[in-house]
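K.L.:
The lines below spell out each chain.
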Amino acid sequence: METILKGRRQQVVKKDGKDINIACEKQSLAGSVSQRACVFCGSRVVLYPIADALHLVHGPAGCAAYTWDIRGALSNGPQLHRMSFSTDLREKDVIFGGEKKLYAALNELIDRYQPKAAFVYSTCIIGVIGDDVDAICKRVSKEKKIPVLPVHSEGFKGTKKDGYKAACEAMWKLVGTGNTSGISKFSINIMGDFNIAGETWMIKEYYEKMGVEVVASITGDGRVDDLRRSHGAALNVVQCSGSIIHLARRMKEKYGIPFIHVSYFGIEDMSKALYEVADYFKDETVSNNTRELIQSEVNAILPKLNWYRQKLNGKKACVYTGGAFKAFSLIRSLRMLGVQTVVVGSQTGSPEDYQMLGEITDEGTIIVDDTNPMELAKFVQEKDADLLIGGVKERPIAYKLGLGFCDHNHERKIPLAGYEGMVNFAKEVYTSTCSPVWKLVPRRKHLYEQQVETNCSGSCHECESTCDIKTQCSGAA
Amino acid sequence: MEQQASENYRPTKNPCRLCTPFGACVAFNGVAGCAPYIHGSQGCATYIRRYLIGHFREPVDIACSSFGESTTIFGGKENFDTGISNVIDGYAPKMVGICSTCLSETIGDDVSQFIYEYNKNNNTAPLPYLVNVSTPSYCGTHSDGFHKANRAIVKTLAIETMKHRGINIFPGMLSPADLRYLKEIMNDFCLPAMLLSDYSDSFDGQTWDKYEKNIEFGTEIKDIEKAGGAKASIEFSTTVDDESSAAGYLTETFDVPAHTMPMPLSVTSTDKFFELVSSLSENPIPQKHLSERGRLIDAYVDGHKYVFEKRAVIYGDEDMVIGLACFLAEIGIIPALCATGGQGGKLQESLEKLLPEMISQITVQEDTDFIDINDCARSLEPDIIIGNSNGYKLKRQLDIPLVRIGLPIHDRIGASRILHVGYRGAQQLYDRIVNAFIEIQQEDSPVGYTHI
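Protein chains in written order, with our numbering: chain A, 1 to 477; chain B, 1 to 452.
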């Protein structure tokens, strides 16, 4: 029995000063119990928050059932995105084709729910039975006078990343079809934030306080009409680059809209994002507003973070994310809380992403691509991690082994972005890693026994004197 | 281009079921040493794992052939071979439970042939059993996948064997608490029982000293091998197709008598179950269980006024709905809407047979979804909803209690600990239902009574 399968050994490295040489962007190894999903999942997750669109999954009902209301993406208006619609193909449709059902389904659902647009997701078998989805969409679009957009998301056609691209292609058809009059010269699109637990709203408020108009939020709390006029923005601010970069590139090519990469997780990255947007506009008022905003936000949360840092200092974390970009911010945020990242990986990182991970992690950190439960478990045990950050699929690995867990996936219900989100993040990490229940978990019990010997009163096993967070947030002082 | 779908066709809106491989994976998780394996796209395995983890809050490892574009064009054999070898390397299983998906079925992969060739080409090492079940998502539901996988397990493993006094129990998709309770009952009757599939420990385990493969627990393969020699089989299902029934297979092949009965959620059906077990074991019903029955009836009496002629909306797997309807009828609640996403077409017929006096007051929806359930429920003026977490939206709209049972329960902790069957299950459910009504009475009163 082998913990790291032969076919996966190139996808695991330990940082030892040199360049990170890791295999990635590969189809998952068969039989490896990958934590990844499929192309459909990639498309579905990107488009999911568009709240006034109909999301129809063309195929058997399973794919729609598993994606019904599973995300924490909020809308302050329509809630149509939280429904699950499927053409529900049956055996004879697989033989005779599903086009008739698709046509009938679109008609019924558009009549009943009056969406502003419809996305039609192709699942695995659609790519095999040869339904002409594009033709049906075109026809319904003409008849119902709303955009009906095929999403070519057959599950097997690559990885989740290819699904992101298919979603961007579908959205691209909307961009440029709306009226852009009245948009400020200081305007942006928020791209790649999904309004999990209201995060987009927080970010939007920051921009508005800076004096920057948000034209479209793509796709958090998204609306079809906003997407249509999103080409009127002066700048695209791209988070979660893997998911949305394709659309940003398209917009740059056709409309000349530049884009910048940002992250809203952690004080450092959050502040950097706002400063970069302000710098782009080179306007004194915007710059002053930004400085004031950041100073007041950071000052408000520093005492709280210091408190958490005292509790968390010396703990070790394993971080496993979908895209690698989020991992960068998490490593930095954890460091600010005194937590060292000892294992880090992603489902869909690129060679450049892993190079970056190599640059910001400590020596000896294990870096993994497209890992699985057996490997993750081995690494967290080897590195004696106290905390695992991931999604619901990773949660049982943590809990079974007596590690704290923080959900940083789209399913969470707590905002972790922005300044307020950083406090929530610290609280989440604290609430889990410092709970007294671990004292009763056999695998972790010894840590607390040691603690009694060293006369440490807290529930953290490596309490050290802690330093204040003062100088670590770039530009904030 | 003719674009008319059949008049009855409606798209599915908020499905009341999961897909076929889901049920197969649940079944495979209940065999000791079995690694579940999906021959299809990576997403199928991951979505199913995600859903099961949400419900059971336990690790669920399901391997997969991880189809790519070329796999789909040239067939899945190469990925199958690699995948099975990797699962054997990674998990050292005694059995690999393989289910297909809509994709692998549609491209025409012949998994039986793949297995035959895999066994032939790897005959130097001892190989695990490779059990295969066909579960395209476009045929049936998770419930069908569950039954079919159990049949496939028995079909592959059961061999000609000496007749013995033990029995087989095919309880359906119940909770770990139910499975433990059934084992306790059999133990109390001193009756050896092969319970398939028994995921009570794999889906409701302890914390670990080191990371386990989590495939160790469940029904022992050696016990399944002997299923053909059992004195009888009991199957808690009145809706399973003959060709999907594990008990049916053992009758056809080894002449093991099959006793099919509704899921015993009520006193009446639990009585029948206990009588049957008593007769098969040739032991009287232990006093412990008779006392539990007695206390349950006493509780029914204590709470009867709170529930009489209340109206319930119930939904879920066909067999669970049937069992639940019988229980509700027994305590005076009208199961005004009995709904299932199942496509077996036997719900109406079963309810007519089991509840002839009440059937005129029951609306039955089969192959339905939650939008149709919601639309219909509103007109029925129900007092309570009983079913899985997916009824929560309806609960919010109608502002009536939802008592959670079955699967999925992804908005509460403790799904594994919910008892459904037997006197003890009825007791637990009864208390929860009565207390739900008492709570309304208490909360709605401006007085704020502290004694009810």
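Derived from the structure by calculation, the hints contain no laboratory data. A couple of the hints might just be wrong.
Claimed, not checked - Here are the simulated DSSO-like cross-link-like pairs (lysine-lysine), alpha carbons at most 30 Å apart as the crow flies: (1) A:Lys439 / B:Lys210; (2) A:Lys92 / B:Lys213; (3) A:Lys15 / A:Lys254; (4) B:Lys213 / A:Lys445; (5) B:Lys213 / A:Lys6; (6) B:Lys210 / A:Lys316.
Said to hold, decoys possible - Simulated restraints on C-beta separations: (7) B:Asp242 / A:Glu382: 12 to 22 Å; (8) B:Ala299 / A:Gly77: 45 to 55 Å; (9) B:Ser279 / A:Glu91: 22 to 32 Å; (10) B:Asp298 / A:Glu382: 50 to 60 Å.
No residue lacks a Cβ here, since even glycine has one placed at the ideal position from N, Cα and C.
K.L.:
The structure should be examined with respect to each hint, and the outcome stated for every one.
P.N.:
Hints, one by one, checked against the model:
Of the supplied pair hints, the one linking Lys439 of chain A and Lys210 of chain B holds, its CA atoms being roughly 16 Å apart against a limit of 30 Å. Using a Cα cut-off of 30 Å, the hinted pair Lys92 of chain A and Lys213 of chain B is violated, with the two alpha carbons roughly 39 Å apart. At roughly 41 Å between alpha-carbon atoms, Lys15 of chain A and Lys254 of chain A are farther apart than 30 Å, so this suggested pair is violated. With a C-alpha separation of about 22 Å, the suggested pairing of Lys213 of chain B with Lys445 of chain A holds against the 30 Å cut-off.
Distance check on the hinted pair: Lys213 of chain B and Lys6 of chain A sit about 18 Å apart at the alpha-carbon level, within 30 Å; holds. With a CA separation close to 18 Å, the supplied pair Lys210 of chain B and Lys316 of chain A stays within the 30 Å bound. Between Asp242 of chain B and Glu382 of chain A the beta carbons are some 52 Å apart, a value that contradicts the proposed interval 12 to 22 Å. Taking the beta carbon of each, Ala299 of chain B and Gly77 of chain A are about 48 Å apart, inside 45 to 55 Å as hinted.
Checked against the hint of 22 to 32 Å, the pair Ser279 of chain B and Glu91 of chain A fails, with Cβ atoms roughly 42 Å apart. The supplied range of 50 to 60 Å is met by Asp298 of chain B and Glu382 of chain A, whose beta-carbon atoms lie about 56 Å from each other.
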